[in-house]
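Engineer: Sequence:
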Amino acid sequence: MKKLDPLSGFEEKSPPSGANSVVLYTTSLRGVRKTFEDCTRVKTIFELHHVIFDERDVSLHGEFLNELRDLTGEGVSVPRVFIKGRYTGGVDEVVELNESGRLGRMLVWARVERVEGRQACEGCGDARFVPCLECGGSCKVLVDGVKERCGKCNGNGLVRCPTCH
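Numbers 1 to 165, taken from the UniProt record's numbering, label the letters of the sequence shown in order.
I should point out that these hints are in silico values taken from the structure, not numbers from a laboratory. The beta-carbon is built from N, C-alpha and C at its ideal position, and this holds for glycine as well. A couple of the hints might just be wrong.
Said to hold, decoys possible - Mimicking SDA-like on lysine to any residue, the simulated pairs with C-alpha atoms at most 25 Å apart in a straight line are: (1) 43 to 127; (2) 13 to 63; (3) 140 to 92; (4) 43 to 116; (5) 43 to 129; (6) 43 to 140; (7) 152 to 16; (8) 13 to 136; (9) 152 to 132; (10) 140 to 120; (11) 147 to 164; (12) 43 to 93; (13) 152 to 111; (14) 34 to 111; (15) 13 to 102; (16) 140 to 65; (17) 13 to 134; (18) 13 to 49; (19) 140 to 111; (20) 43 to 70; (21) 43 to 111; (22) 13 to 98; (23) 43 to 77; (24) 147 to 134; (25) 34 to 8; (26) 43 to 102; (27) 34 to 44; (28) 152 to 164; (29) 13 to 45; (30) 152 to 116; (31) 43 to 69; (32) 140 to 116; (33) 13 to 71; (34) 34 to 4; (35) 147 to 45.
Stated by the list, open to error - Ranges between beta-carbon positions, derived for each pair: (36) 96 to 133: 40 to 46 Å; (37) 54 to 147: 32 to 38 Å; (38) 142 to 104: 29 to 35 Å; (39) 48 to 147: 17 to 23 Å; (40) 96 to 162: 16 to 22 Å.
Let the sequences and hints guide you as you build the complete structure.
Structural biologist: Have a look at this one:
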């Protein structure tokens, strides 16, 4: 008897470089407590499953917010989860999938990469970003004596951690 794909009921939408992994769009900003707590709850669920996931913090990198808008539409909120190129939803959907046991089955079937005892990256301490080495995080560089916008970093003066990304 052929086993059914537990991800087949979810819409195919793959974040850039996310077709074979778990991608979580989150925020680390605490301005809206419920949003921050929802993001923390979803991250904790995946950590308890010992799943390696790509956390994309929309507050640290504007491109992540643009990716999410392209994938889900204009009225975007976080957290949002994608498993192996399938859009699985936000906090309510993930909590329900987890409580029903379906999330665990999905992760096993999808052969998601797992790790025992997640260790912090030595380069960024799991922040996934570091200050730009070109401009020191100021977003400005001198070119022929004139200050210009640094082309290496995002609007926050950060670049993806070279150690873990």
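Engineer: Of all the hints given earlier, name the ones this structure violates by number, lowest first.
Structural biologist: Failing hints, ascending: 3, 6, 8, 10, 11, 13, 14, 17, 19, 25, 30, 32, 34, 35, 38, 39, 40.
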